[in-house]
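Line by line, the protein sequences give chains A and B.
All letters in the first sequence, in the order written, are residues 9 to 274 by the numbering used here.
All letters in the second sequence, in the order written, are residues 2 to 244 by the numbering used here.
None of these hints come from the bench; they were simulated from the model.
Just so you know, these numbers come straight off a predicted model, no measurement behind them.
Covered stretches of chain A (chain B as the covering partner; in silico rule of three or more C-beta atoms under 8 Å from a C-beta of chain B): (1) 55–69; (2) 88–100; (3) 116–122.
The beta-carbon is built from N, C-alpha and C at its ideal position, and this holds for glycine as well.
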Amino acid sequence: MPAEGLLALRNVWKRFHSGGTETVALHDVDFVIEPGQFVTLIGPSGCGKSTLFNIIAGLEEPDGDGSVLFQGQPQRHRDLLGKVSFMPQKDLLFPWRTVLDNAALALEIEGMPRKAARQKAAALFPEFGLQGFEKHYPRQLSGGMRQRVALMRTFLFERELLLLDEPFGALDALTRSMMQRWLLEIWARHRRTVLFITHDIDEAIFLGDRVIVMSARPGTVRCDERVDLPRPRSGEVMLTPQFLDVKRRLLAIVEEESRKTFSASA
Amino acid sequence: MNLLPVTVALAGLLALWELAIALFRVPGFVLPRPLDIATAVMENPGLYASGMLLTALEAIGGFAAGAALGFGLAVLMVLFRPLERALVPIAIAISSVPSIAFIPLALVWFGLGPVSKVAMAALAVVFVVLLNTLNGLKRPDREAINLLRSFGAGRLGILWRLQLPAAMPAVVTGLRVGLARSTIAVIVAEMLGAYAGIGQIIYQATVQVDALHVWAGVAVATAGSLLLNAVLVAVDRRLVWWS
Ligand SMILES: Nc1ncnc2c1ncn2[C@@H]1O[C@H](COP(=O)(O)OP(=O)(O)OP(=O)(O)O)[C@@H](O)[C@H]1O
Ligand SMILES: [Mg+2]
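In isolation and in its complexed conformation, chain A is listed as follows (with noise of 0.2 Å):
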């Protein structure tokens, strides 16, 4: 691997243009992560978190100042789609596929046969908790099942790189501490790179092996911290001083970033 690690950016910006006015989303973001690394990203609502992933995805272009560095190589828009799968912030389930066409979907893109493709999502089922709600329509899940659902789609995506954005963002505390310790097993089973958006600050802490902190918009890297706890981890741990040490410390920086938005739009 080269000294870049999996992906790296460098001095990235995004200005978005619309009606005359500039918006500054993101400036000289940089940072490099390695590979089989569980990084998460936390930062105020709108400091440019989903940018960041359009970019990394390949969706969107960063300005011409910097440049995304993927296993070693610089890319050029469009270059990284298709190379690392992504699960946006919203489940996007589409309402006409049964789960497990919805969980195949990838994989049909992809040029599988529609059978071998279903059968490869089938045996994931057990996995994600989801065993006998294959011929199911989404709307007839909860929400914790629709995220999972969501998330097998993309680890059928067989990508180094994932693309987590904000995945347990609209559930219940109890379901979201089940499905953080459950996104673990599978992580530590499957060992993905894996970047991962959050508002959460327990949950950035309990499942990064880094945290990123972003500031207020625009934005940028604002701290980047070493979370050193053994592995694997249980509920236990966010009971620790050396969590609690960890979070001290973070959740100063972001509730000062949190306060600038918030002044920045009253």
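We have chain A; now place chain B with the ligands onto it with these hints.
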């Protein structure tokens, strides 16, 4: 589908109709009794059946051609946006004129036979299906399209896996409105000039001031359109199977 409520309502309506005629002594040329209308149809079943069959075939043929054309054009338009910008304003302009207004032209161009009726049925449906399909195809938002792009899908993949299924409810709305318009267009065209068909039967009876047979024709036409509609409802369920 539960047919009981509508059956009861219909029976009640007919009973009320009979009752009103008996009570107020309404003369037959103003409003005939339902039973007399049914008898009029049954006295000459061949005439009404063949008339309705022709009308139905014309309506279905024109409807199918017009709907296919509208649907196909809409798909082409989302693939080639300049086409949309060029043609949609024209489509809206033409479709804001009631299609019935084109009947005299159709009769001049295509004669009094079935071709003019098929053309009118097609004209009556093409724009409503075109505009509805176009709206439906554009319904998926940026995020859903981006999801497919991130999986490496191209233009056609997005069309096939996202835009077409998402458009189906709108297509179905277009088809429903279009079918009603097609049947109306055919019947009116038959009244204005035709050799046969249920519209022509109604017209003939009108000319002969034969109210009973006007009613008989209207009754058969109504039954025919209801049947066509029922077939379309079954088709619609296959197009939007998930709701
Ligand atoms: N296509 C666009 N055109 C114009 N402005 C945009 C566009 N996309 C995003 N923005 C702006 O860029 C900023 C960052 O948006 P983004 O969605 O990345 O925020 P976020 O951090 O994901 O927020 P949240 O936590 O609420 O999801 C916002 O101010 C948003 O209005
Ligand atoms: Mg976001």
